[in-house]
Amino acid sequence: MTVYLDYNAGAPLRPEARQAIADFAGIEQANPASVHRAGQRARRSLERAREQVARLIGAGPRQVVFTSGGTESNNLAIFGVANATVGARRKIIGSAIEHSSILAPLARLQAHGFEIVRIPPDREGLIQSDSVMRALDESTALLTLGLANSEVGTIQELAPLAASARKAGALFHVDAAQGIGRMPVSVGALGCDLLTLSGHKLGAPAGVGALYVGDRARPVSTMMGGPQEGGLRAGAPNLLGAIAFGAVAAAVEARLDAEIAHMAALSDRLLRLLTQSIPGLILNGPLEGRIPNTLNLTFPDVLGESMLIALDLEGVEVSMGSACAAGSVEPSHVLLAMGRSGAEARSSLRLSLGWATTAAEVEQAAEIIARIWAIVAAAESPAGEPHAHQVSR
Amino acid sequence: MSARVVVAMSGGVDSSVAAAILREQGYDVVGIAMRLVSGESSGGGGERRQTCCSYEDFEDARRVAERMDFPFYVADLRAEFSAGVIDNFVDEYVAGRTPNPCVMCNREIKFARLWRRARALGADFVATGHYARVERDAAGRFHLLRAADAAKDQSYFLFAMTQAELARTLFPLGEMTKGEVRECARALGLANADKPESQEICFVPEGDYARFVADRVHPDRIRAGQVVNGDGRVLAEHNGIHRFTVGQRRGLGVAAGEPLYVREIDADLGRVVVGRRDELASRGLIARQVSLVDDRLAERGEREIEVKIRYRHPAVPATLKLLTGERAEVRFATDGYPAVTPGQACVFYERDEVLGGGFIEQALEA
Numbered sequence: 001m002t003v004y005l006d007y008n009a010g011a012p013l014r015p016e017a018r019q020a021i022a023d024f025a026g027i028e029q030a031n032p033a034s035v036h037r038a039g040q041r042a043r044r045s046l047e048r049a050r051e052q053v054a055r056l057i058g059a060g061p062r063q064v065v066f067t068s069g070g071t072e073s074n075n076l077a078i079f080g081v082a083n084a085t086v087g088a089r090r091k092i093i094g095s096a097i098e099h100s101s102i103l104a105p106l107a108r109l110q111a112h113g114f115e116i117v118r119i120p121p122d123r124e125g126l127i128q129s130d131s132v133m134r135a136l137d138e139s140t141a142l143l144t145l146g147l148a149n150s151e152v153g154t155i156q157e158l159a160p161l162a163a164s165a166r167k168a169g170a171l172f173h174v175d176a177a178q179g180i181g182r183m184p185v186s187v188g189a190l191g192c193d194l195l196t197l198s199g200h201k202l203g204a205p206a207g208v209g210a211l212y213v214g215d216r217a218r219p220v221s222t223m224m225g226g227p228q229e230g231g232l233r234a235g236a237p238n239l240l241g242a243i244a245f246g247a248v249a250a251a252v253e254a255r256l257d258a259e260i261a262h263m264a265a266l267s268d269r270l271l272r273l274l275t276q277s278i279p280g281l282i283l284n285g286p287l288e289g290r291i292p293n294t295l296n297l298t299f300p301d302v303l304g305e306s307m308l309i310a311l312d313l314e315g316v317e318v319s320m321g322s323a324c325a326a327g328s329v330e331p332s333h334v335l336l337a338m339g340r341s342g343a344e345a346r347s348s349l350r351l352s353l354g355w356a357t358t359a360a361e362v363e364q365a366a367e368i369i370a371r372i373w374a375i376v377a378a379a380e381s382p383a384g385e386p387h388a389h390q391v392s393r
Numbered sequence: 394m395s396a397r398v399v400v401a402m403s404g405g406v407d408s409s410v411a412a413a414i415l416r417e418q419g420y421d422v423v424g425i426a427m428r429l430v431s432g433e434s435s436g437g438g439g440e441r442r443q444t445c446c447s448y449e450d451f452e453d454a455r456r457v458a459e460r461m462d463f464p465f466y467v468a469d470l471r472a473e474f475s476a477g478v479i480d481n482f483v484d485e486y487v488a489g490r491t492p493n494p495c496v497m498c499n500r501e502i503k504f505a506r507l508w509r510r511a512r513a514l515g516a517d518f519v520a521t522g523h524y525a526r527v528e529r530d531a532a533g534r535f536h537l538l539r540a541a542d543a544a545k546d547q548s549y550f551l552f553a554m555t556q557a558e559l560a561r562t563l564f565p566l567g568e569m570t571k572g573e574v575r576e577c578a579r580a581l582g583l584a585n586a587d588k589p590e591s592q593e594i595c596f597v598p599e600g601d602y603a604r605f606v607a608d609r610v611h612p613d614r615i616r617a618g619q620v621v622n623g624d625g626r627v628l629a630e631h632n633g634i635h636r637f638t639v640g641q642r643r644g645l646g647v648a649a650g651e652p653l654y655v656r657e658i659d660a661d662l663g664r665v666v667v668g669r670r671d672e673l674a675s676r677g678l679i680a681r682q683v684s685l686v687d688d689r690l691a692e693r694g695e696r697e698i699e700v701k702i703r704y705r706h707p708a709v710p711a712t713l714k715l716l717t718g719e720r721a722e723v724r725f726a727t728d729g730y731p732a733v734t735p736g737q738a739c740v741f742y743e744r745d746e747v748l749g750g751g752f753i754e755q756a757l758e759a
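Residue numbers (the numbering used here), protein chains in the order written: chain A, 1 to 393; chain B, 394 to 759.
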């Protein structure tokens, strides 16, 4: 049996998603834009899903645009706002610890003449509000920040920034892909203009996500074609994915408090067990003010890559940094931005649990991780090196 | 529980078949592709240069792992490879020598660093697709032997292996010919059965090693100078001794009535000495960083061996005398062995067995 502890990369399908897909698949596959009644039924299914997703974040259904996932939502938010800016607003403020689907668009815009400000985090991964406020001015088009960091779990204090952004006349985008389902999220309380949701981090299938677009925001579509999704996302929508996403959103809304308590209890237990058995283990990110499912841990005296592979061979699935195209792993840019050394970042793993994680799995994972750590640390310590040749220069 | 073996996989047919054979034999196989250079940017838009660690090669290895049903991973060994192989490669060329990075990679990476990674994964063995054989005798000593396929034999690159390393290393292809390996790949349905061989140095794009070296060192370390003949007469100017290798004939920038070859590279003076083919002959060499597969061989005095001073050269009879300071003197049985190239590996054979070897420091003049 494997223990899956990589929910931040993608959660297993929830039964509600399976059910919604099973109910819908095989009945009809019509285009929600079609005039005939099959098309109308498809449209009703799509709109019901939109209502379910909107309700999860306290938005109105017409404020939710379905996309192909968090990456597209982030691209649409950033390029959509950048393409809509006129005049002197050429500044975009972000942070150094965002997801690549934020960082890469910002880098592109920088190459096209936008001024990009990347606020560094503190050692806990928290973006300092006063740094953001100092950067906000009348030339700012957009402030974009993640709600909860995907790698270390730090929750940002965003509400005060919303007011400042508004005062400066800037739009405020929140990447909540990793926050949704791990904490209560309300667009009203956040005061944001745009908010990114991802389906598969929540237990819907990959390939569906959404962007909340508040009434102040007027992004320009980045996908040209038909008038779907209020003109913001051309192309026939991923109906099956949206329906599954809607069903998952409804389930999460109903059970959020219980799931948060469940994940918090399990991750606390996991951290306690690992701390007891692995001397020198370090939790990255704050103990409080963290989403309850994410543990980013620096393991002493090992390469995270070796731990990752050894754990997989023992059936414990975790992650580290980000995967490169070839399939090896790069040290986390988030940990580096938080002031960790390259060696520390390379010794760190992310354990993220979720809706289906059980107490028994946590006990099992803790035992295996401690055992594997001891083996890997012994194998990789220089003292354990069986022989070393001298390379003469 | 069966023994676990980490197989170093490049995506080529040899290492793929090595892994497949071990899997068929019932080993608990874990395939590892080593990412040795940053050949490809993950963000897109970067410069794509074909090297050994390309995405496509790793996908070939991954397909084999999937087909043969064993786990496969990519391990990032770029820092280790840079420090253990590339730095040495560049330093040697800058010093006027011609390095052999494959020997260094085996010594520093595959049987040292990769083994360390493998041990962390609970492995009992490391395996590669090298064409060479290992035998254990009744006394428990390990012997490194030439491959059954003389045309493919790669024991030359493995001379630096120790008893401890041989004890934990498997070469599943040692008894096979290249043809049999390809046939085996086809029989197992491996997609890369007919993939062409890689010939160039795997980490040097387009085989342009001179540019590779120049890109990696401070311009002050590039030694420009003159091409001279044996009498010291200047025949041409050159823009870096790293562009030359002893024995080289082409690209000397010299017009002469007869073929000329590089005889000697003087790094201090930046001077490349050329001469006729018969002037290249030497009666032996001094090797440094000498190691023996079995240290007990060091007890004996002079011995008659065969020596191989380049991978593609045949082994020739010689006398080996071990000196102090990890050095050895090798005297060829017949004078006139051409182009003893400093930096290259010289490997000591006794019939089919590799006794050890070292790196050529200098030729002994005829």
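Check each hint, because a few of them may be wrong.
Chain B stretches covered by chain A per the calculated footprint, using a threshold of three residues with CB under 8 Å from any CB of chain A [to be verified]:
hint : stretch
1    : 448–455
2    : 467–474
3    : 593–599
Think of the hints as simulated: they come from the structure by calculation, not from any bench. Ideal Cβ placement from N, Cα and C applies to all residues, glycine included.
Structure-inconsistent hints, enumerated in ascending order: Hint 3 contradicted; others consistent.
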